[in-house]
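> Residue strings, one per chain:
Protein chains: 2
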Amino acid sequence: MKTDILIVGGSAAGLAGAITARRFYPELKITVVRREDKALVPCGIPYIFGTLGSVDKNVIPDKVLEKNNLDLLVDQVISINKAARIARTAGGESIKYEKMILATGSEPLAPPLEGVEFDNVFTARKDPKYLQKLAEALQKARNVVVIGGGFIGLEFADELSKLDYLDSVSLVEMLPHCLLLACDSEICVKVEREIENAGVSILSDRKAKAILGEGKAEFVEMENGQQLKADLVLLGIGVRPNVKLAGDSGLQVDQKMGIHVDDYMRTSAPHIFAAGDCTRKRCFLTGKASMVRLASIATMEGRVAAGNLFNCRRRAPCPIGVFGTVIGKLAVGSAGFTERAAEREGIEVVVGTASAMDKHPGTLPGAEELTVKLIFMKGSRELIGGQVYGSDKAGYVVNCIGGLIQQRMRADEICVFQMGTHPKLTPSPIAHQIENAAEMALAKDMKR
Amino acid sequence: MKTDILIVGGSAAGLAGAITARRFYPELKITVVRREDKALVPCGIPYIFGTLGSVDKNVIPDKVLEKNNLDLLVDQVISINKAARIARTAGGESIKYEKMILATGSEPLAPPLEGVEFDNVFTARKDPKYLQKLAEALQKARNVVVIGGGFIGLEFADELSKLDYLDSVSLVEMLPHCLLLACDSEICVKVEREIENAGVSILSDRKAKAILGEGKAEFVEMENGQQLKADLVLLGIGVRPNVKLAGDSGLQVDQKMGIHVDDYMRTSAPHIFAAGDCTRKRCFLTGKASMVRLASIATMEGRVAAGNLFNCRRRAPCPIGVFGTVIGKLAVGSAGFTERAAEREGIEVVVGTASAMDKHPGTLPGAEELTVKLIFMKGSRELIGGQVYGSDKAGYVVNCIGGLIQQRMRADEICVFQMGTHPKLTPSPIAHQIENAAEMALAKDMKR
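First to last, the protein sequences are chains X and V. The first sequence begins at 0 in numbering that gives the first Met the number 0 and counts up by one. The second sequence begins at 0 in numbering that gives the first Met the number 0 and counts up by one.
Chain X extracted, bound-state conformation (with noise of 0.2 Å):
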């Protein structure tokens, strides 16, 4: 078969860039090669476990990709003949393309553990059947062992926390805190102190060394032999990007890292583009390399590559990072670097925080407390971070928060950003987070 615009893969990166490519060329042939069955919302993937309650309500409808006019072919592609321009796939298709985007995405890692291998031990791979047999197997445990507290690790163990069947479940961070990743300590603790409410056993700072059983996990065996019951294990610890496929068609490759592109995201080969957890990332700060990786970042580097596909007029950022979830009634958001992360950057910093009712006056019904703590360079007074917590407005202040970071703005500036209030919709704009918690830096690093 011959195609215009052949995309590789099917969730976050390729679809974004799909539709992209059908926004700008309505009249090319673009087909999206997907291995799954059915494409499933990648960051939804916890929730199947208990709120949404099944795999298909997991599930990004095919009809997106009729509405824009897209074919589908689900196989996988195994190879690429670069000079010819022709990929074939596993299904024994010969598919002769213009350009590509490849989106082939990330798995879930697996650590150098004793005991990974049995079949009751799981990670958050982003294949329907996988995840249905991890469903059922869940039915039949009484206790859970999750290993990783990032957003993953504490997603899963929330979710978890709301299955009555279970008797235990417990979650191992060999950092000092969950979530320390990506928020600071004074943050991680509510989240932790959250996820205990609910009835999970965090293990902080505490390593995982075996998962131990007869034929299959029975216990996970820690460090300081302390034994975890297990019915069932749970990885939650990142994932790597999947290079296979483009190092096997001669483009370069960093293994750990991902596939070589540059800032308009075209490969080592020029008519060859990539996006998403697949690709290499440099930090927006430092510009080293980074392993954020976000479904936010992917479809941002989708639509990078295809507006570039005939012709390179759109670049791509380096990637701030900016995460939301929610965990038990907390909502918690992040942006760019934690105190911690520069710390270890050698950054000098200075902070502000402030906290407001996010309706306003706070009487109103359904009123809710919501902190923001920001970032600056001292110095500088650069905004390079900012976290969020309480509320569920944390989403979208947060989002404001990203925003600021990459316009590369100064506490001065942001004490005067306009942001519009209403007593039902936000706090006060005189008691407004944002720009007073960057007054609060202002005055503190002036003060020196």
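A couple of the hints might just be wrong.
To be verified - Cross-link-like lysine-lysine pairs, in silico, DSSO-like; alpha carbons within 30 Å at most:
1) Lys161/V / Lys206/V
2) Lys62/X / Lys443/V
3) Lys66/V / Lys189/X
Stated by the list, open to error - Across the chosen pairs, the derived CB separations fall in these ranges:
4) Asn68/X / Asp253/V: 55 to 63 Å
5) Lys62/X / Gly286/V: 43 to 51 Å
6) Leu108/X / Glu185/V: 45 to 53 Å
7) Asp36/V / Lys446/X: 31 to 39 Å
8) Lys446/X / Glu185/V: 35 to 43 Å
It should be emphasised that the hints constitute simulated quantities derived from the structure, not laboratory data. A virtual CB, placed ideally from N, CA and C, is assigned to each residue, including glycine.
Given the coordinates of chain X, assemble chain V onto it according to the supplied hints.
Just chain V now, with coordinates in the frame of chain X:
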């Protein structure tokens, strides 16, 4: 008495200015002179009569003054001797000051209609005693007419619709639609439908001619001869800046547009600053005089003025006007120019609109639709306006849009702007409305 910094007015601009001054000048004496015994949340006034239930619940607590070591004098400044730097009050105080911020606010406009002087004709005056009278009059009323279908009028009508004992609530708007200065007609129509469903009669594209009755309002007579029964009339047709004190003291003022200030918020007497509803403003796009007056703009100006008291270091941006409200269950937000306003300024625009559920997958409990409309200048593709409606995330989504306008971003930049997403907090990154609306507009403009 003597003070270092004298702030005249204790609402949004005055209070934000006082708090900022305290942060900059921890050692100085700062005095706020306020006419009212209690300071009201200005935007909360309509909610006193429904959701909140009492004037007292809509008060800005004075503990914020104590917390920031700000002196309060409940009194009214009636004259300023600029040369001697002495202010005199109605209570007979003579206050020697070093620097001053005038934050005298605005008064609701009363239209030049026969009958506006009746005791049962009210405005949204920021005076607790006056509003208490309104609350009492409302308890005896059965038919209420609201004149003016902007934000304030709509919010009043929406709250009144919850009072079961009322026989009728009518809303009179002389423009073709309610809210038409803030939103384009397709969105105004949705707001009107919402408020009509709540039982309010809308009379748009029609003008009130007179308020008639024997010693009190009994009817509102329309220009077309129609008569509306009215035991109580509420006027919500706009405000005029309070410039009398400034004008009487020899400062340059424009009676209609406000106290003249430079970009540092200095009046024509450099040691006197002014901020908030009382100042003259310019449109962020055209530079023309602007009527936009919002508490959020007032606080921004207060922060600028306070930062500059002894050393100019902050410039006030021209206000963009970032609004939000909730009418019935529909949240609406608007920032910058509408299509209609752009047309009136002779600015050609290209528009993109995108809808998505505010959680993802859309099967998550509580997910609601949210639509974003972005308005770009043709050719330059600079963002000049945006409107949002649907879920209560609208308040912060419009703040993100307001930020993009402030940063004078173009459609191609917004397409690849990084927004964080999370299933429980935001739409899917693939469907995220801001980037998609920008892409739609861009694709349209490229096709020309």
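> Run every hint past the structure and note whether it holds.
A quick look at each hint next to the structure:
Taken as a hint, the Lys161/V and Lys206/V pair is honoured in the structure, with Cα atoms around 26 Å apart against an allowance of 30 Å. Restraint check for Lys62/X and Lys443/V: the C-alpha separation of about 23 Å stays at or below 30 Å, so the hint holds. Simply put, Lys66/V and Lys189/X have alpha-carbon atoms about 26 Å apart, close enough for the 30 Å limit, and the pair holds. At roughly 56 Å, the beta carbons of Asn68/X and Asp253/V sit within the given window of 55 to 63 Å.
Checked against the hint of 43 to 51 Å, the pair Lys62/X and Gly286/V passes, with Cβ atoms roughly 47 Å apart. A hinted range of 45 to 53 Å for the beta carbons of Leu108/X and Glu185/V is consistent with their spacing of about 48 Å. With their beta carbons about 36 Å apart, Asp36/V and Lys446/X fall inside the hinted range of 31 to 39 Å. A C-beta distance of roughly 51 Å is found between Lys446/X and Glu185/V, which places it outside the suggested range of 35 to 43 Å.
In this structure, the one hint that does not hold is number 8.
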